[in-house]
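Novice: Spelled out, the chains give:
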Amino acid sequence: MKNFISDLFDLFTGDGMKHYLKSLKYSLYMILHPFDGAWDLIHENRGSMAAAHTIVILALLTRLWDKRFSSFMVNRTRWSEINILMELATVLVPLFIWVLANWCLTTLMDGKGRFRDIYMATAYSFTPYVLIGIPMIFVSNVVTMEEGVFYTYFNTFALIWCVFLILCAMMMIHDYGLLKGLGSSIMSVAGMAIIIFVILLFFSLISDAVAYFISLYKEISLRAS
Amino acid sequence: MKKRILTLLILFCLVITGIPSAKADDDEWYTYTYNYWGDETASPDSYSVTNIFYGRSFGEEVGTFNDAEGMFVIDDLLYVCDTKNNRIVEAQYVDGTFELVRIIYTVNVSEKNKEMLLVDDNITLTLHSPYDVHVVKMDEEKREKMFGSDHLGKMYEPPIPTPTPEPEEGEGTDENADADKAATTSDSEEADDGEDGEDGEDGEDGEAGETGEAAEKPVEYKENVVKKTLDRDYDIYISDTENNRILHCDYNLNVIGVVKDPKDETLKEDFVFFPEKFVVDDVGRYYVQTRNINAGLMEFNKGGVFTTYVGASPVTISLAQRLWRRIQTKKQRDRTKQYVPTEYNNVALDPEGFLYVTTSTLTEAELAAGNGKPVRKLNAMGQDILIRNGHHFPIGDVEWEDVENIKGASAFVDVVIYENEIYCCLDATRGRIFCYDFQGNLLYAFGNYGVKAGCFVNPVAIDKLDEKTLIVLDKKTGTITLFTLSDFGTLIKDAIDLYRVGDYDASADVWSEVLKYNGNYDLAYVGVGRALLRQEKYKEAMDKFEVVRDATNYSKAFKHYREEQVEKHIVLFLVIIIVLIVLPKVIRKVIRLRKEIKEA
Numbered sequence: 001m002k003n004f005i006s007d008l009f010d011l012f013t014g015d016g017m018k019h020y021l022k023s024l025k026y027s028l029y030m031i032l033h034p035f036d037g038a039w040d041l042i043h044e045n046r047g048s049m050a051a052a053h054t055i056v057i058l059a060l061l062t063r064l065w066d067k068r069f070s071s072f073m074v075n076r077t078r079w080s081e082i083n084i085l086m087e088l089a090t091v092l093v094p095l096f097i098w099v100l101a102n103w104c105l106t107t108l109m110d111g112k113g114r115f116r117d118i119y120m121a122t123a124y125s126f127t128p129y130v131l132i133g134i135p136m137i138f139v140s141n142v143v144t145m146e147e148g149v150f151y152t153y154f155n156t157f158a159l160i161w162c163v164f165l166i167l168c169a170m171m172m173i174h175d176y177g178l179l180k181g182l183g184s185s186i187m188s189v190a191g192m193a194i195i196i197f198v199i200l201l202f203f204s205l206i207s208d209a210v211a212y213f214i215s216l217y218k219e220i221s222l223r224a225s
Numbered sequence: 001m002k003k004r005i006l007t008l009l010i011l012f013c014l015v016i017t018g019i020p021s022a023k024a025d026d027d028e029w030y031t032y033t034y035n036y037w038g039d040e041t042a043s044p045d046s047y048s049v050t051n052i053f054y055g056r057s058f059g060e061e062v063g064t065f066n067d068a069e070g071m072f073v074i075d076d077l078l079y080v081c082d083t084k085n086n087r088i089v090e091a092q093y094v095d096g097t098f099e100l101v102r103i104i105y106t107v108n109v110s111e112k113n114k115e116m117l118l119v120d121d122n123i124t125l126t127l128h129s130p131y132d133v134h135v136v137k138m139d140e141e142k143r144e145k146m147f148g149s150d151h152l153g154k155m156y157e158p159p160i161p162t163p164t165p166e167p168e169e170g171e172g173t174d175e176n177a178d179a180d181k182a183a184t185t186s187d188s189e190e191a192d193d194g195e196d197g198e199d200g201e202d203g204e205d206g207e208a209g210e211t212g213e214a215a216e217k218p219v220e221y222k223e224n225v226v227k228k229t230l231d232r233d234y235d236i237y238i239s240d241t242e243n244n245r246i247l248h249c250d251y252n253l254n255v256i257g258v259v260k261d262p263k264d265e266t267l268k269e270d271f272v273f274f275p276e277k278f279v280v281d282d283v284g285r286y287y288v289q290t291r292n293i294n295a296g297l298m299e300f301n302k303g304g305v306f307t308t309y310v311g312a313s314p315v316t317i318s319l320a321q322r323l324w325r326r327i328q329t330k331k332q333r334d335r336t337k338q339y340v341p342t343e344y345n346n347v348a349l350d351p352e353g354f355l356y357v358t359t360s361t362l363t364e365a366e367l368a369a370g371n372g373k374p375v376r377k378l379n380a381m382g383q384d385i386l387i388r389n390g391h392h393f394p395i396g397d398v399e400w401e402d403v404e405n406i407k408g409a410s411a412f413v414d415v416v417i418y419e420n421e422i423y424c425c426l427d428a429t430r431g432r433i434f435c436y437d438f439q440g441n442l443l444y445a446f447g448n449y450g451v452k453a454g455c456f457v458n459p460v461a462i463d464k465l466d467e468k469t470l471i472v473l474d475k476k477t478g479t480i481t482l483f484t485l486s487d488f489g490t491l492i493k494d495a496i497d498l499y500r501v502g503d504y505d506a507s508a509d510v511w512s513e514v515l516k517y518n519g520n521y522d523l524a525y526v527g528v529g530r531a532l533l534r535q536e537k538y539k540e541a542m543d544k545f546e547v548v549r550d551a552t553n554y555s556k557a558f559k560h561y562r563e564e565q566v567e568k569h570i571v572l573f574l575v576i577i578i579v580l581i582v583l584p585k586v587i588r589k590v591i592r593l594r595k596e597i598k599e600a
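Residue numbers (our numbering), protein chains in the order written: chain Z, 1 to 225; chain X, 1 to 600.
No wet-lab data here; the hints were simulated from the structure. Some hints here could point you the wrong way.
[As the list claims (entries may be wrong)] One side of the interface only, derived from the structure: several residues of chain Z facing chain X at Cβ under 8 Å: (1) M73; (2) R78; (3) I137; (4) F138; (5) V142; (6) T144.
Built from N, CA and C at the ideal position, the CB exists for glycine as well.
Let the sequences and hints guide you as you build the complete structure.
Specialist: Rendered as structure tokens:
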């Protein structure tokens, strides 16, 4: 027990914690200096996986909070029809597939980034969404409907910023030029579509197969009896 | 032992009460509205069925209606177009029931005007599949001014019909023709007394004719049945569809004018005029929904000359559709659906003289996107000016389930408009009636497919007997259903009336009364909220608007509320702002000072 407490204490005061906080703070630098930021994130070891996870979790929370707390004037969420796990999945699954598709593709196109690099850079790119999204939830509650366009504008701006950051980051971590960076990203999106298609195909085939065996079993058991 | 029996008995009672009563339509309700989310929400009945009439309810002479297509109400008179029986039944609404006035099979014409009634070179007095009837108030003076008064005079005598297969019937009609001559030459009002005795015979005559009728044969001449003599200053217009004409007669059925054979370069050479539903405005212009015409309503002037089309809806083809057509082969293109303007299926006149039209040829996608407008209000230019401010477009059902034989969106076939601009649309798909207010909010929907009271199989016409009574004609079952506004419906009507005259506070009182009947009535919350907003009770108003997610009104209330709050707490706000600006500077200074002290 004593050991655990001291461990915990170390966690919050030790070097690990310091590095974590520093890497988290680095996201602020990265969103303003997309090229340098992304390069140093990977190559200078400025980022950490812990910080990346934190940002992803914050982004997920922002999404949920936005649905829950923003004013009904700008928010058509019907909570009785919301499944929080599905909401989380709609962010996490595309994120994972994106990282996977990008990694598969860039490995073939001699990209320098590893799987965790791609994940980390993408996660760090979510920072503007969190930074703008959370204040906007407050703002939406003190504006009228005409002023509500600010909410929409800023959130759209945040998303565009995020996409821009992801594109820059992909160029930097794979050590690509502009064209190759853009091209690989677009192809990754196509790759995502293919992966989703394969997954769906797989599931439908499996369910067909299962249904076949179930009907086979039924047939035999009925014959036997 | 006794105790045990008692316990058993009590248990038994408990079990009995616990068993749910088996009611077929436990989860179905009759009247409903749609909430913000598009969910059907149960509502107390706003209209309830008070009576159902069959053809026979009007009198034995009438028999059964056969595919009645149209209906019209003016004051207390009801006209039913009994289409397949080639007649129009006129009845008077007295004390909640109908008394037969007359059955119209034929019209009269003066010797001078007889050329008007030429159909295929025969002077045709009989009606052939009348689709619609329209009656306007017209006294002698006004008629003279508009049309001249030369439609009377020496009356044309129809030739005595050539011997018919049944000699008895031939005699019957023969006799009647004589009577008719007498009736029309001297003023018909006088002659009616003498005719009374013959009415019974006429009735039998009519019955016999009904059954043995084939569509191809020309309609046999049949004497009108007059049950009751009324003296009204009306003009009757009849769309005599299969005779390709619209007849304009005075109340005694003497023809004044005829609309036929429209001539225009837009019409094809072989165009045959089949007028169906139509209205006539107060200067005598006709607006006619015509079979096979999709360019809008045909407008005729009071003399029956075709002038123009009204209200043609522009064809909208999306870019994708256009591209798709480009890559199709010619054969494919011919087979795909043609992009044509929507064809109207009915037309109605509101108390202010605006035209309302309905159409049912829209796709579900069009309806959902709001480009499909199944009910429209046309101004003089033919533009759609219906207000659609509700959460959902006035398209009838917003959500529906397709079952075996009832599929697709609501199909509006008729509309009736009240004085306060509430309009009720008749849906032929599910036999429902949808009533909207002047802003396009759904007030209530009711009805269903079926043969129960208040349900319809193939409703074709809706009209109002008075401001509180709706009347619906079902073609398939040949019934006429009377609906009366309930207390709940009356409250809604009152609230809207008061709002329209500007008495907002009284209106809100009525709306809160409505909420006692139905706590799910969204419009009532808005109504109450609006009044609270006017009384500067912003917070309460906001709460009301938030319940029904009325963003526009909520925003209005919130704007004032925010102003109020800022004014009230201006000092606090200033303090916070100052603190926010000054505090970081102070802290920074302190830190610097401490650093300097440390370094020193």
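Novice: Each of the hints needs a verdict: does it hold here or not?
Specialist: Cross-check of the supplied hints:
1. M73: 4 Å, holds
2. R78: 6 Å, holds
3. I137: I137(Z) check fails; min Cβ-Cβ to chain X is 16 Å, beyond 8 Å.
4. F138: Where the cut-off is 8 Å and the nearest Cβ of chain X is about 14 Å from F138(Z), the hint is violated.
5. V142: 7 Å, holds
6. T144: For T144(Z), the interface hint holds, since the closest Cβ of chain X sits about 4 Å away, which is under 8 Å.
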